[in-house]
Structures are given as C-alpha cells and as structure tokens.
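Q: Okay, here's what each chain looks like letter by letter:
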Amino acid sequence: MNFDASLWLIFILIGLATTLPRASFIVLGSRVALPLVLQRALRYAPAAALAAIVAPDVLVAGGQVEILNPKLAAAGVAVATASLWRNPWLPFIAGMGALHAVRYLSGS
Amino acid sequence: MPSSGQIFPSSFRGGAREGFITFLPLSVGLVPWALVMGMAMASTGFTPLQAMGMNIIVFAGTAQLGTLPLIAAEAPLWLIVVTALALNLRFVIFSAALAPGFRGVGTAKRWLAGHLLTDGVFATCLDKMLHTDDPHWRLGYYLAPAVWSWLLWQVFALIGIYAAGFIPKQWSLEFMATIALIVLLVPMARVRPMLIAALVGGASATLLRNMPLRLGVVVAICAGIAAGFAAEHREHKARQS
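Protein chains in written order, with our numbering: chain A, 1 to 108; chain B, 109 to 349.
Since the hints were derived computationally from the structure, they do not count as laboratory data. Don't take every hint at face value.
[What the hints assert, rightly or not] FRET-style restraints, in silico, Cβ to Cβ:
1. B/P184 x A/G63: 13 to 23 Å
2. B/H344 x A/D4: 47 to 57 Å
3. B/L234 x A/W89: 26 to 36 Å
4. A/W8 x B/D241: 41 to 51 Å
5. A/L105 x B/S349: 48 to 58 Å
6. B/P133 x A/G63: 43 to 53 Å
[What the hints assert, rightly or not] Examples of chain B residues toward chain A, derived with CB under 8 Å:
7. G153
8. Q158
9. A192
10. I201
11. A207
12. R218
13. W219
All C-beta atoms, glycine included, are put in the ideal place defined by N, C-alpha and C.
Chain A on its own, in the form it takes in the complex (with noise of 0.2 Å):
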C-alpha cells in the first residue's frame, strides 16, 4: 500500500495525543491535580483499547466470527508463552510458529 503526505499529519496527531498525556502534569506541576476517580478510571483505558484492537482482529475471518481460525489459535498461543514465561522473545517465536503450523495443518 502506498500513503500521501497526508499520513505525515497522522503521524502528527498521533505524536500530540501520546506526548500531551506524558507531558501534562510533568509540565503542570502539582498545581493542578487529577480527581482520584478519574486517576482509578483511566487505568483500565490502556487494557480495554488493547483488548478492542486485538480481540476483533484473530476472532473474525472473512467478515465472521470463527472460532476455528490460525490466527485465533496463534493468539491463544501468545498469550500461554507470555503467561508462562519471561523471555521477551517467546511469544512471537511460538506464536508466529502456531500461526503458519495452523494455516500448513488446515491446507490453508
């Protein structure tokens, strides 16, 4: 895929909404503070946003929900190695190795 110029002002904006957050009270100071409800609420932002990106991309295969998909077993296999162990690099060895052992089995 090819993008314009117009991705250099995505990348702006994405830029913004990243170093606004990570700025704001470093910049602010301790005049101003964050209500703790808000503080309690917005911890769960980053895990639910995670969750909305992920789930939908290894659960729907050609516009259907499919339980029985490489990409849904990769998943699953991702989240046992990272569950399990620490080594930063297992996930994404067992994972893409559950992906195209998955997609050789099923002939796909």
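Since chain A is already given, all that's left is putting chain B on it; use the hints.
A: Chain B in isolation, oriented as in the chain A frame:
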C-alpha cells in the same frame, strides 16, 4: 571544560551515571519491541522514511502498534487519534506521580522529559525522583535512562525496518504486531478488574465491528473502562463487608 560543567553540573552527571546503571539491564527488553515495531511499520507499507518519521514523532510503542491496523484500514483520522490517546492515557497518571520530582527544573526540560517518558523509565525512576533533593541529580537520573531508551528504540526499529524487506510476504510478519499487543495485555490482565475491562473491551469491539466509522472501537474502550471500574468497585465493597 568549564562551560559544559555549567550545562551539566557534576551532580547531573552523577545522577545520570546511577540512573543509567540501574536501567541498563532492563533496557534489553526494548530490543525485541523496537525490532517488531520496525518490521510491523515496514509490513504495513511505510517507506523507511515514513516509518522512522513515525518512530521519532510518536515515540510510543503501544500507540504506534495499536494505530497501525487503523492506518492500514484507512480509518477516519479522529478514530486513530482517539485510539492513540486511549492507549497512552495511563501516562497522565505516571506524569502526575512523577511531577513532584521535577520541581526546580525549567519548562523546556520538562517538555523533553514528558516526551521521553516510557513505562520502563517511570518504573525505574519514580522512587529516586521523589526522594532526592538535588534537582540536577534528579534530572540526570531521569534523562539518562530516557535518552538511552530513545536511542535503542530508534536504532533497533531501523534495523527492523530493513530486516522486514528480506522476509517473504507469506510469512505474515504483520501478525507480530498483534502478538506484541497480546504481550502487553497479558501482564495487565493478571488483576481481575483489568481482565474484565479487557474481556468487555474485546467482546464489544468484536460485536460492534460493523458500526459506521469504526465507532465500535471507541464504544468498546468506554465499555471496557466502565466494566473494569465497576468490577473494582464490587471487589472493594466485598472486601469491606
């Protein structure tokens, strides 16, 4: 050199040395991340210049990996930005926690420090930042790991970008980005309310995937936050009674 001594007083250098030594073993964990990041950007179809541009402008692994599929699917701009924001909102909390450690530090350096904030740097620096008096020492202790992370991130992403070119398309390298997001998610989901937030977020996004403008992702994130918060509340009440 006396002039460099004024920009970086000896206590800054002392702090930098100690911060760097503390952080060095942890920083090895950044290498696979940066490699995967580079490969994922290249297999999305970015040119090396575009990929390095994103890596330098955004400098946030989760938000980069999370927005790649949306950029590839030509999702609307606002959705991409909202997703990046949701993925990095945790830093508002980290930033608030670190803020007292930057008393006595100028505004420009605070912006730099903010831009360079990562999970690893936060975890490494929080304690010393809050319990050291000398502002130069604190700044050194923070900036050395932060700048080192930045360097590792750029260098290994660049290696990843070029490595991706040698790997055949049918290897589906872009799936490594999905695995990377899973690896980030797994340790978070060890706490029950967090697991519930993830399950509700994931299930909602799957069910709502056909909503116009990919609005389902935003609705799912909000539903996940609400579910996690509710679960935390319930656990809290159960413990009190």
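Q: Could you say whether the range 47 to 57 Å given as a hint is met by the Cβ separation of B/H344 and A/D4?
A: holds (50 Å)
Q: Should the interface hint for B/I201 be scored as holding, given a Cβ-Cβ cut-off of 8 Å against chain A?
A: holds (6 Å)
Q: Given a cut of 8 Å on the nearest C-beta pair, is the interface hint for B/A207 held or broken against chain A?
A: At 4 Å from the nearest chain A Cβ, B/A207 passes the 8 Å test, so the hint holds.
Q: Tell me if B/G153 is really an interface residue toward chain A, meaning its C-beta lies closer than 8 Å to one of theirs.
A: Interface hint status for B/G153: holds (4 Å vs cutoff 8 Å).
Q: Would you settle whether the hint for B/A192 is holds or violated, based on the nearest Cβ-Cβ distance to chain A being less than 8 Å?
A: holds (4 Å)
Q: Using the beta carbons of A/W8 and B/D241, state whether their distance is inside 41 to 51 Å or not.
A: holds (43 Å)
Q: Indicate whether the distance between the beta carbons of A/L105 and B/S349 respects the range 48 to 58 Å.
A: About 51 Å separates the Cβ atoms of A/L105 and B/S349, which means 48 to 58 Å holds.
Q: B/Q158 was flagged as interface toward chain A. Is the shortest Cβ-Cβ separation under 8 Å?
A: holds (6 Å)
Q: Does B/W219 meet its interface restraint, that is, does its C-beta lie within less than 8 Å of any C-beta in chain A?
A: holds (6 Å)
Q: Between the beta carbons of B/L234 and A/W89, is the distance compatible with 26 to 36 Å?
A: Cβ of B/L234 to Cβ of A/W89: about 28 Å, so the range 26 to 36 Å holds.
Q: Given B/R218 as an interface hint, is the shortest Cβ-Cβ distance to chain A below 8 Å?
A: holds (5 Å)
Q: Please check whether B/P133 and A/G63 have a Cβ separation lying inside 43 to 53 Å.
A: holds (46 Å)
The structure shown violates none of the earlier numbered hints.
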